[in-house]
Amino acid sequence: MYAKCGSVVLALQVFKSLREKSLYTWNAMINGLAVHGHVEQALDVFNQLLDHGTMRPDEVTLAGAVTACSCGGFVYGALRMHS
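With full-length UniProt numbering, you'll find the sequence shown wraps up at 83, consecutive numbering, no jumps.
Hint data in this document are derived by calculation from the structure and do not stem from the laboratory. Don't take every hint at face value.
Think about it this way: if two alpha-carbon atoms lie no more than 16 angstroms apart in a straight line, the pair counts; the simulated EDC-like pairs of lysine to aspartate or glutamate are [to be verified]:
1) Lys-21 - Asp-51
2) Lys-21 - Asp-58
3) Lys-16 - Asp-44
On a predicted model such as this, the values are computed, not experimentally measured, just so you know.
Whenever a hint applies, use it, and build me the whole structure from the sequences.
Now the structure itself:
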């Protein structure tokens with residue numbers, strides 16, 4: 001919710017403080033960062049999800065990562081995620 005409203009710093013603090021994260025919280029963080037232009041942070045969180053290994057990204061996760069790539073001009077990254 002914080003990220004959606006543009007409070008990215010507060011959103012990251014809350015996200016990092018969570019002991020257990022659901023796919024919903026990962027998606028909210030990735031998409032919130034991407035939409036507000038924090039491209040590299042969004043992709044870092046996406047990679048953390050992948051490294052976490054307990055959950056698989058869904059369509060919402062991938063849409064957020066692709067949005068981050070496209071906003072950041074990382075066309076090849078977006079294409080790689082799409083394939």
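**Message:** Checking each numbered hint in turn, tell me which of them this model violates, lowest number first.
**Reply:** Structure breaks no hint.
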